[in-house]
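Protein chains: 2
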Amino acid sequence: MKPNKNTLFALMLGLTALIAPDASAQMQQRPPTPNDTLRSPHVLPDNRVAIRVYAPKASEVMLSGDFLAGKPPVALTKNEQGVWSATVGPLRPDYYTYTLMVDGVRTIDPKNAIIKQGVSSLENVMVVPGSETAFEDNQSVPHGELRQVWYPSNTLGMLRRMHVYTPPGYEKGNTRYPVFYLLHGGGDDDSGWPTIGRANFILDNLIAAGKARPMIVVMPNGSMPASVMGQDPAQRMNKMTTAFTEELLKDVIPHVEKNYRVLPGRENRALAGLSMGGLQTLDLTFSNPDQFNYVGVYSSGFFGPTIDGAETKYAKALQDPNFNKNKKLLLFQIGKDDFLMEANQKTLGLLNKHNIKYQYKETEGGHTWINWRQYLNEFAPMLFR
Amino acid sequence: MKPNKNTLFALMLGLTALIAPDASAQMQQRPPTPNDTLRSPHVLPDNRVAIRVYAPKASEVMLSGDFLAGKPPVALTKNEQGVWSATVGPLRPDYYTYTLMVDGVRTIDPKNAIIKQGVSSLENVMVVPGSETAFEDNQSVPHGELRQVWYPSNTLGMLRRMHVYTPPGYEKGNTRYPVFYLLHGGGDDDSGWPTIGRANFILDNLIAAGKARPMIVVMPNGSMPASVMGQDPAQRMNKMTTAFTEELLKDVIPHVEKNYRVLPGRENRALAGLSMGGLQTLDLTFSNPDQFNYVGVYSSGFFGPTIDGAETKYAKALQDPNFNKNKKLLLFQIGKDDFLMEANQKTLGLLNKHNIKYQYKETEGGHTWINWRQYLNEFAPMLFR
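From first to last, the protein sequence lines stand for chains A and B. Each residue of the first sequence is one higher than the one before, counting from 507 in this note's numbering. Each residue of the second sequence is one higher than the one before, counting from 507 in this note's numbering.
Derived by calculation from the structure, the hints in this document are not laboratory data. There's no promise every hint is true.
With a cut-off of at most 20 Å between alpha-carbon atoms, the simulated EDC-like pairs for lysine to aspartate or glutamate come out as follows [what the hints assert, rightly or not]: (1) A/K678 <-> B/D757; (2) A/K563 <-> B/E586; (3) B/K717 <-> B/E884; (4) B/K764 <-> A/E677; (5) B/K563 <-> B/D542; (6) A/K577 <-> A/D600; (7) B/K584 <-> B/D542; (8) B/K622 <-> A/D600.
Negatives, chain A to chain B, calculated, CB over 10 Å [what the hints assert, rightly or not]: (9) P562; (10) L712; (11) G771; (12) K822; (13) K859; (14) Q865; (15) N883.
C-beta: ideal position from N, C-alpha, C; glycine also.
Chain A with its partners taken away, still in its complex shape (with noise of 0.2 Å):
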């Protein structure tokens, strides 16, 4: 069959909408696979939902998951037409990642283009659709800006970029806004909370529902280049939270105040962070004690070889009847899977020894964006009241 010329200009230009989805066979001029009409995610009437992959000379296609809450992958089972499957859940609605292993290789989902981006990998991205995820959707009311801001770091010697989410309205007022500081986790960079962390959707359903007050939402990138953390693999881990201080109170927080309309002082800054950011909350909230009012550590603490030295490293701070007297917020949220859980504990019996006040709340599940949007939608309402 050949392709008139109405559907040869239409898929020259990528305008697919334009045309029947399985026209790229009679593009090519090849004869039709499974592969032209495969649906990847396919998410069933009861919040199954199937991966596919069109593979006819793999061995093994693995899936692997934050919905497997730490389970192992799952295998995938091969039909005659050579489309591998699997189907999961039921799953809660929510936003969630998966990546396939093929033959060993790690690999997307061919039929997805739904991804989020890390330092050094891609991860699919699928929706279960339903109320539970009212609080992170793209929702019918005023919606703030998300900026992608380029700055010249004197800290690491470089260009650095943060995303900064601005509420409704800024663009029109005089007002000034207090500012939240949020950091991401290892293996992501400034992109992670504004994509699958959904932050600025959480914030603008939050203001919109006034359940949260107006403010600037500053997302910098936390991972540090490799020339910062030198070769001892023992001082790295301190060297990256030492670098990463200096990096947000030196760099970060000095271009927010110029370039925006902040309001000033301890008592409209908040910091919060998951996992590796949430070591960098603690060492700047312990190391530098009058900069913030709120901070909030999402499934983190002291961990690895970080505690061995907080005691002593922290001691000022850690040793100050005063320490508690401004701090309106310190609140750790955590899930009760999480590997975690261990070095949290630890960081919280230290925090107790020294008689430091803090809020606790453990929630269910782990490691995961499951959690830390839900630990942002219940954090960001507490803030600056």
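Mind docking chain B on chain A? Use the hints.
Chain B in isolation, oriented as in the chain A frame:
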């Protein structure tokens, strides 16, 4: 070999920069494979580029990319370790896109997390560095901000997103700026120009060098939802352009003029688009000739079925002896190998017939971002003079 505790923590947290790159085999307690240390893409000193993928069970791996300039895909060859590779080039320093086909299934390079996202496809991006890319590189110059902006579209009855570039200094001043509306092509969305199109960096560099006036650049989403295009294939292309023209004039421009400090009037408004966006630009220009004084059509014309009705549809503008009066610029740019050259020439023939004046610049190359970045770099300095 059992991983030590610090390595384990670093791996589980995705802190790959903290550990050796091949530690993932340790972590997963499996024998190492060539995939653990594979590098792809690998730019060689002579500007050839090696693409490598570990796929020991595959029978065929093919490479496509815009650097092939319309030539057929390149077959990779397999070594005894199961690593497939191909070396292409030498390539002129630039940013390039590519994809792989593994046993007939389109996929991406699993070792390259830099990607370009389309409406329903992903492509890898690679850069061959060199002085030729200076105009599009992220340089140490003052940077504008790049914003994701959600707004309600009355025309389409849905929330829509656009990207907005505000020039360096916008945040701090009260200056008003002219506005350039810049349209992507079929299969892309509003993320095309600010990612693979590098529009924000091109503008940063032009403004820093004093070659372009500081301006706001608005990059709307020109991919119309299937619902507005109807079922009749012959009508879809017209319905698509008509819907976008209405969306731009009734929703995008009013949102921009309400929320940003813009200079008013047609003399402060420019419009350009590539491919499908070039068609949309032509439709806007000839159905609303009083809206834009500066117009650019990149790699396009009235193509496919849209040339037939153009003389009738745009009769009023074509027959207006004053059409050119306020058009300070009407520029067509196209590569000599572009598959839309015939449509482009027919369009110019129609303009000639009606004594519409325009400029025409023919370049090397075809229908690729390699050209479109160059076209933007030439076009933006001509605006608002």
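Hint check results:
1. A/K678 <-> B/D757: With a Cα-Cα distance of about 18 Å, the restraint between A/K678 and B/D757 holds, given a limit of 20 Å.
2. A/K563 <-> B/E586: Within the cut-off at roughly 18 Å; holds.
3. B/K717 <-> B/E884: Given pair B/K717, B/E884 holds - Cα atoms ~10 Å apart, limit 20 Å.
4. B/K764 <-> A/E677: holds, 9 Å
5. B/K563 <-> B/D542: holds, 17 Å
6. A/K577 <-> A/D600: Holds: A/K577 and A/D600 sit about 18 Å apart, inside 20 Å.
7. B/K584 <-> B/D542: holds, 17 Å
8. B/K622 <-> A/D600: Judged against 20 Å, a Cα distance of about 25 Å means the pair is violated.
9. P562: violated, 7 Å
10. L712: Since the minimum Cβ distance to chain B is about 16 Å, A/L712 lies beyond 10 Å and the statement holds.
11. G771: At about 21 Å from chain B, A/G771 clears the 10 Å cut-off, so the statement holds.
12. K822: Holds, since 26 Å exceeds 10 Å.
13. K859: Holds, because the least Cβ-Cβ distance between A/K859 and chain B comes to about 23 Å, which exceeds 10 Å.
14. Q865: Per Cβ check, A/Q865 is outside 10 Å of chain B; nearest 24 Å; holds.
15. N883: It holds; A/N883 is separated from chain B by about 19 Å at its closest Cβ, greater than 10 Å.
Hint compliance for this structure: hints 8, 9 are not met, and every other hint is.
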